[in-house]
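Chains as they are written, first to last, in our numbering: chain A, 1 to 346; chain B, 1 to 346; chain C, 1 to 346; chain D, 1 to 346.
Derived by calculation from the structure, the hints in this document are not laboratory data.
A few of these clues could be false.
One side only, chain A facing chain C, incomplete, derived with CB under 7 Å [stated by the list, open to error]:
#, residue
1, 111
2, 127
3, 184
4, 185
Computed list of lysine-lysine pairs in DSSO-like fashion (alpha-carbon distance at most 30 Å, straight line) [claimed, not checked]:
#, chain 1, residue 1, chain 2, residue 2
5, D, 165, D, 206
6, D, 4, D, 44
7, B, 265, C, 44
8, D, 206, D, 343
9, B, 44, B, 131
10, C, 252, D, 134
11, C, 252, C, 4
12, A, 44, D, 265
13, C, 265, C, 141
14, A, 4, A, 131
15, B, 136, B, 265
16, B, 44, C, 265
17, A, 206, A, 343
18, D, 4, D, 206
19, C, 252, C, 265
20, A, 265, D, 131
21, C, 131, C, 4
22, A, 252, B, 252
Positions of the beta carbon are idealized from the N, C-alpha and C atoms, including for glycine.
Now for the letters of each chain:
Protein chains: 4
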Amino acid sequence: MSRKYRVGILGATGTVGQRFIQLLQDHPQFEITALAASDRSAGKPFAEACAWKLAGTIPEFTRDIAVQAIEPPLDCDIVFSSLPSSVARETEEAFARAGYPVISNSSSYRMDEDVPLIIPEINGDHMGLIKRQKEKRGFSKGFIVTNPNCAVISFAPPLAALHRKFGVESCIVTTMQSISGAGYPGVASMDILDNIFPYIAGEEPKVETEPQKILGVFTENSIENADFAISAQCFRVPVVDGHMVSVRVNLKDTATLEEVVDAMKTFPSLGLHSSPDRFIDITDEPSRPQTRLDRDSGYGMTISVGRVFPDNIFDYRFVALSHNTIRGAAGCAVLNAELLISKGII
Amino acid sequence: MSRKYRVGILGATGTVGQRFIQLLQDHPQFEITALAASDRSAGKPFAEACAWKLAGTIPEFTRDIAVQAIEPPLDCDIVFSSLPSSVARETEEAFARAGYPVISNSSSYRMDEDVPLIIPEINGDHMGLIKRQKEKRGFSKGFIVTNPNCAVISFAPPLAALHRKFGVESCIVTTMQSISGAGYPGVASMDILDNIFPYIAGEEPKVETEPQKILGVFTENSIENADFAISAQCFRVPVVDGHMVSVRVNLKDTATLEEVVDAMKTFPSLGLHSSPDRFIDITDEPSRPQTRLDRDSGYGMTISVGRVFPDNIFDYRFVALSHNTIRGAAGCAVLNAELLISKGII
Amino acid sequence: MSRKYRVGILGATGTVGQRFIQLLQDHPQFEITALAASDRSAGKPFAEACAWKLAGTIPEFTRDIAVQAIEPPLDCDIVFSSLPSSVARETEEAFARAGYPVISNSSSYRMDEDVPLIIPEINGDHMGLIKRQKEKRGFSKGFIVTNPNCAVISFAPPLAALHRKFGVESCIVTTMQSISGAGYPGVASMDILDNIFPYIAGEEPKVETEPQKILGVFTENSIENADFAISAQCFRVPVVDGHMVSVRVNLKDTATLEEVVDAMKTFPSLGLHSSPDRFIDITDEPSRPQTRLDRDSGYGMTISVGRVFPDNIFDYRFVALSHNTIRGAAGCAVLNAELLISKGII
Amino acid sequence: MSRKYRVGILGATGTVGQRFIQLLQDHPQFEITALAASDRSAGKPFAEACAWKLAGTIPEFTRDIAVQAIEPPLDCDIVFSSLPSSVARETEEAFARAGYPVISNSSSYRMDEDVPLIIPEINGDHMGLIKRQKEKRGFSKGFIVTNPNCAVISFAPPLAALHRKFGVESCIVTTMQSISGAGYPGVASMDILDNIFPYIAGEEPKVETEPQKILGVFTENSIENADFAISAQCFRVPVVDGHMVSVRVNLKDTATLEEVVDAMKTFPSLGLHSSPDRFIDITDEPSRPQTRLDRDSGYGMTISVGRVFPDNIFDYRFVALSHNTIRGAAGCAVLNAELLISKGII
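So that you can see chain A by itself, here it is in the shape it has in the complex (with noise of 0.2 Å):
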C-alpha cells in the first residue's frame, strides 16, 4: 500500500490515548495526523498539554502538534477514540454521522445492538452490523466499532476458543486489574500500596455482559448473544499493567484436558501486522502466566494462558492474562482498524 490513512486521536493525552500513538508511530498503515484533547488543552503543544506517562519520553514528532478540540471536523481518515464515557456517547456519534470510521476503545457504545464489539481474531464477521447501523443511525460513510472492556480481553479468547469446540455452558471469572486500567491519576496510591482493593465503579456488569455479545453469532444483520452466564468477582491489584483473570469454566459437551488444552492452543492468530504470532499462548509451567513475565508476550498482544485443570465443581479451570492497555484497549482498537482495512470496509 502506497498511501497511508491519516489518523485522529480523540482523548489523545489520556493514557490510552498515549498507547494509541505509541502504537501507531511507526505503523506502517497509518499516520497519526489529529490530536484531540479535551477543551482544556486544545490549541497547546501536545507536549505541554500531556503529561506522558509510559516508559520513555513523549515521541519528537509529537511535540509540536496543536491540540484540537474534540469535535469534528478533523485532518484525518479515520479516529481511534479512548474518550471517557461520560462524553463518547454524543462525541461519537458526532464524528460518524460527519462521516469518520470512529474506532473506539470506550464503553459507550459496546452493547448497542447494531454496534460491533470486536476481538478480531474471535469475531470479525461481527463488522457485518456496520451496514445495519449505518442504515438504521442514517450514516453515510462513517460509522463506529469498538473492542471490549479491558478484563474481558484477558478471558474471552480461551473462553470463544472452548465455546467455538465444546460450547460454553456457564463461566466463573475473579479479576486481579492492575492500575492503568483506571488511568491517570486513576487509582490514589493510598488505595493499592500494599492493598487488595475489592471494588471497580461498573466494572463487574461488564465483565458478565460483554463476553456473550462476543461470542454471539451474527446473522442477517443481528447478533445472536452467546446463552451462558457469568459471575464476576473485580479486584484492584498493586501492579503497574496486565490483568490476571481466574477461571472455571462448563462445557456443554465433554471434552478432555488434551482437548481443552488444543483448542486454545490451536486458536489461530490473524495475519494482520499488529498480530501476535500466538494469540493464545499455553503454558504447563506450574507458576505461569505471571503478570509482570507474561504482560508482554507478543508485543502485548498475546493472551497468556496456565494452570489448565480439571476443577472439583466446574469442568476446567485456569488462568489467564493480558496487557490491559495494549491487547486489553489500544492494541485491540489498533487491529480492529487493520481487519477493517484488510476487509475493504475502510
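Fit chains B, C and D to the given chain A structure using the hints.
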C-alpha cells in the same frame, strides 16, 4: 487463675514463631519458658538466633533465653508448634508422647482422623477427638491439636455461618494471599514486586479439603465431614499481611440476602482472652474489606466480610479477609489453647 | 484534671485530620466537640463526608457529628488545624483573632518570625514567642503555634542532639518519603508503583530552612536562627507511612563516634501524655531502622536512628526515620497542645 | 565481519547470566556456544537448570544446550562471567590462564591494579593495562577485564563529564537501588515490600572507591586514581529494576550551571553495536528521571540525569539513574567486549 501455664515454642525463630512470642508476651494465662529452634540456632541466645521480622524490636524478655533443640523434654507445660511440615510430623508426635499438649499450626496432622482441626468459634466440640487420639496412639497425657491453613481461616467462618443455617452445597474460592504466609525468606521479591504469582505449592488441595472437616459433625469419637465440594485457585499477591478471598457459594436451603448477612453477622464470638469483639465483621461499604485497612480488625482476630451479593451462577458471592499470621496462624493456635483451658482439657 | 478541653479539628476529613481524630479519641485531656471541613462537606454527618483511609473503620463517636464550615465560632476551646496551605493562612488567623489557640500542622505560618515552630522535646521554650505574637497581631486570647514539615521531624531531633552538644556546621539530607505525606488522593499510583519519584513540590526549601529556626535560640521575644546550611534532595518512594532520611553532618566541635551516639541516646523525652518512652531510639543493627518495621516505634512518636558512622567527607553520617502522619504531623501537634497545657499557656 | 565470536557464559543461570543471554541472542558479533553454571546444574539441559526470571520465556535456542561445569576448557573464544564473588576469583583466573579473554561483571578483580575496570565511554584507554596484566600473571592469550558495580555506573558517567572539564573535588551519593541488583532469590519480599532497607552488604565501600579508579589516568602501564573522596549511603528500595542516585558534587574549577549541563549533555557515546544514541540523557523536567519511566532509555544503556541545580553546600546537585542489570551489569560487559574487538585486542 493464679498460676500461668508455662509454654514452649517450637520453631520460635520463624515468622509464626515470632507472632507466638508477640501474642503471648503479655498474656494473662501463659508465660513463655522455652524457645526451641533448629540445631543451627540451639544454644545461642534468642536475640542472636532470631532475625526479628515483625514491626518493632525483639521483645526484651526473650533476648537472653538460650534457644533449645526441638526435642523433649522442654521446661514447660504446653508447646505451641510452628514447625515446617517436613519435620513437624515426627517431632510433634515425640512431644505428645512425652506428655505435652501440642498446639500446632503445622499442616502435618490436620487431616488425621483422630486429630482435631479447630477454629474455636466454629467447632470447639471437635476437641472431643482428643480422647480417641490418646487411646489410638497410646499417648498418656499429651496430645495434638491443630488449626487450619491460613487461607482457609479467611472464608471458613462465613461459610460456617451459612452452613449452620442453610447448608452449603458447593463453594468456589479464589485467594489473594500475602507474602508473610510463606515465612522468611519465603517469597523472593523478584517473584512478587509488580507481579501476581499464580501458584502456591500445596495450597489448593488444603483449601479444598480442610473446611469440610472443620464444618463436619463430631459424633461418637469421629468427625463426619461436611459433604460439599470446594474449588480453589490460590494466588500470591504483593501485600505484606492479610489473605483476601473471593467466594461464591451454593446453599442447600433457600435464603434471602438479608438472612445470609444476618447469619454471618450474628455468628457468636467466644468470651476467651484472645476473642475479638466480633468474630465476623460484615460491611456494606462497596470498597471494603481492603487488605491493608481491615486485616488488623479485632487485633487481627476478626474476619472481615463484604460485597455480599446474589450471584449470576451461584446463590451468593462475597469477599472475606483475615490476618494470616494472627487469626490464620499463631492467634488461632493461642485461641485453641485458651479453649482447651476453658474446657478443662489442660 | 477533671474537665477535658473541648477541641475542634479544621480539615477533619483529610488524612491528617483523621490522624487527629484517631489520636484524640481516647485522650485524657481532650475531647473532640467540633469537626470542620470544606464547604462541600459542611452540614453532612461526618461518616458521610469523610472517606476514612486509616486502618480500621471510622470511629463510632464521630459518625453522626455534623460537619461544620471552617470558620469561627466553633463550639470548642482549642482548634487543631490540618488545612491545606492555600487556605490555612487566612483561616487560622481568623480563628486566632476570634480567641482560639490554633495548633497548626500547616506550613503557612511556620516561618513567620512571631510564630513558634515547635518540636516539644527540642524547643518548647520558643512558646515564649506567643506573647509577642499576640501583641503584634492584636490577638487577645488566641494565637497560632505550628509544628514542622514531616520530613524535617525525621532528622531534626538527632541534629538537635548534636547541635546542643557539638554545634552543627552543615548538613546534607536525602529523604525517602512515604505516600501518606501527600494526603488523599495525593500521589497517583501510576507515579509511584515500581517507581522512585524525584520531586515533591515545595519540599526541598522547607527542609532546608525549618531546622535552623527550630534549633534557634529564643531571646527577648525573638528567635536567632541556627547558622548552618542544609542541602536537601527529596524523593517520594513506594511506602505507605514513614519518612526515611539519609544524613551527613559536620560538627563545629570534635566529637567521637561514642559521644555522637551518646548525645542522641540521652536526648530526653518529656513526660507528657503523648511522649514516647524514648524520643530518639538508636540502634547498631546494620539493617535498621527500616521503614515498615520501625515507623510505629513509640506508637509512632519515636525517632529511630541507625547506621551512625564516620563519613569520608563529613564528620558523621546516619539514617533517621519517623512516622510522618503521627510524629511528623498530628502527633506532634497534639504534643504541642499538651506542652501548652503543662506550661499553663492554655 | 563474517565470523561471529563464540562466547561462553559463566553463571548462566543467574539473573545477570540471563541478561547476557538476552543481550547476546541476536548480536551481530557474538554467538553463544557454551553455558556454564554450578555443579548442581551441570549436565542438565539449560531449560531445566535455569529458572528464567526476565520478562518473556526462556529463549528457544538455549533450551537444549547442556549446561557445563564452570571450568576450562569451554567451546568458545571469549567468556562472559557473572559469577558470585566468592568463586569468581579462582575461576576467572583459571579461564584467563587457559587462554580465554574473561569479561567479568564480578567484583573480585575490579580493584586489582593490573585489571582494567571499564566503562567504555569513559576510560576505554585503561584496556592498556591488559599488557601488564598478562606479563605480571604469566597469561599467554587470556586476560581479565571488569566493569563497575551497578550503582557506580549510575553516577560515574555524569561525574566523569564534570571531572574531565572542571575536576571533581568531592562527591556525596545516596543510592536507591532496585531488587534485581541482588539476583535471585536475592532480596526477601518481607524485607522490601512497603519498606526501605538501609543496608546492602559490601556496597558502600565499592561505591566509595571504584569511581576514582575509573576516572584515573592511565600512564605507563598503571592507573593513577583520581584524588577525590566519595561518601556513599546505599539503600534498597521496592523497585524491580533501576538504580537511582542522589548526588552532590564539589568541583575544582568554577563552572556555571549551563556549563555543567553542557558537559554532561555533550559527553559522547561510542559507535559500537550496543552503544545508545545518547550516553547521558539530561532533562529539565522537574519530575524526571523516574525509575520506571527512564530505566529502559537507550535500551537500558543510557544514563538519565535530571534535577541539576546549584546546591546550598556543594557546588551542584543532581539525580542520576541507570538500568542496573543492563548498563550496570551485562550490557556494560558486552560493550566492553565490543570495545576490545574494535581495538583489535580480541
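Hint check:
This hint is violated: residue 111 of chain A has a C-beta 29 Å from the nearest C-beta of chain C, more than the 7 Å allowed. Evaluation of the residue 127 of chain A hint against chain C yields a violated restraint, the C-beta minimum of about 34 Å exceeding 7 Å. About 5 Å separates the beta-carbon of residue 184 of chain A from the nearest beta-carbon of chain C, less than 7 Å, and the hint is met. Using the Cβ-Cβ criterion of 7 Å, the hint placing residue 185 of chain A at the interface with chain C is satisfied: the shortest such distance is roughly 4 Å.
Restraint check for residue 165 of chain D and residue 206 of chain D: satisfied, since their Cα atoms lie roughly 25 Å apart, inside the 30 Å limit. With a C-alpha separation of about 26 Å, the suggested pairing of residue 4 of chain D with residue 44 of chain D holds against the 30 Å cut-off. For a cut-off of 30 Å, the pair hint linking residue 265 of chain B to residue 44 of chain C stands: about 28 Å separates their Cα positions. For the hint pairing residue 206 of chain D with residue 343 of chain D, the CA-to-CA distance comes to about 28 Å; that is within 30 Å, so the pair holds.
The hinted pair formed by residue 44 of chain B and residue 131 of chain B fails the criterion: a straight-line CA distance of about 38 Å is larger than 30 Å. Using a Cα cut-off of 30 Å, the hinted pair residue 252 of chain C and residue 134 of chain D is violated, with the two alpha carbons roughly 51 Å apart. This hinted pair does not check out: residue 252 of chain C and residue 4 of chain C have alpha carbons roughly 46 Å apart, beyond 30 Å. A distance of roughly 28 Å separates the Cα atoms of residue 44 of chain A and residue 265 of chain D; the hinted pair therefore holds under the 30 Å criterion.
For the suggested pair residue 265 of chain C and residue 141 of chain C, the alpha carbons sit about 38 Å apart, so the restraint of at most 30 Å is broken. Using a Cα cut-off of 30 Å, the hinted pair residue 4 of chain A and residue 131 of chain A holds, with the two alpha carbons roughly 24 Å apart. For the hint pairing residue 136 of chain B with residue 265 of chain B, the CA-to-CA distance comes to about 39 Å; that exceeds 30 Å, so the pair is violated. For the hint linking residue 44 of chain B to residue 265 of chain C, the alpha-carbon distance of about 28 Å falls within 30 Å, and the restraint holds.
At most 30 Å may separate the alpha-carbon atoms for a hinted pair to count; residue 206 of chain A and residue 343 of chain A meet this at roughly 28 Å. Only pairs whose Cα atoms come within 30 Å are accepted, and residue 4 of chain D paired with residue 206 of chain D is rejected, the gap being roughly 35 Å. This hinted pair checks out: residue 252 of chain C and residue 265 of chain C have alpha carbons roughly 20 Å apart, not beyond 30 Å. The hinted pair formed by residue 265 of chain A and residue 131 of chain D fails the criterion: a straight-line CA distance of about 56 Å is larger than 30 Å.
For a cut-off of 30 Å, the pair hint linking residue 131 of chain C to residue 4 of chain C stands: about 25 Å separates their Cα positions. A C-alpha spacing of about 24 Å is found between residue 252 of chain A and residue 252 of chain B, which places the hinted pair at or below 30 Å, so the restraint holds.
Comparing the model with each numbered hint stated earlier shows that hints 1, 2, 9, 10, 11, 13, 15, 18, 20 do not hold.
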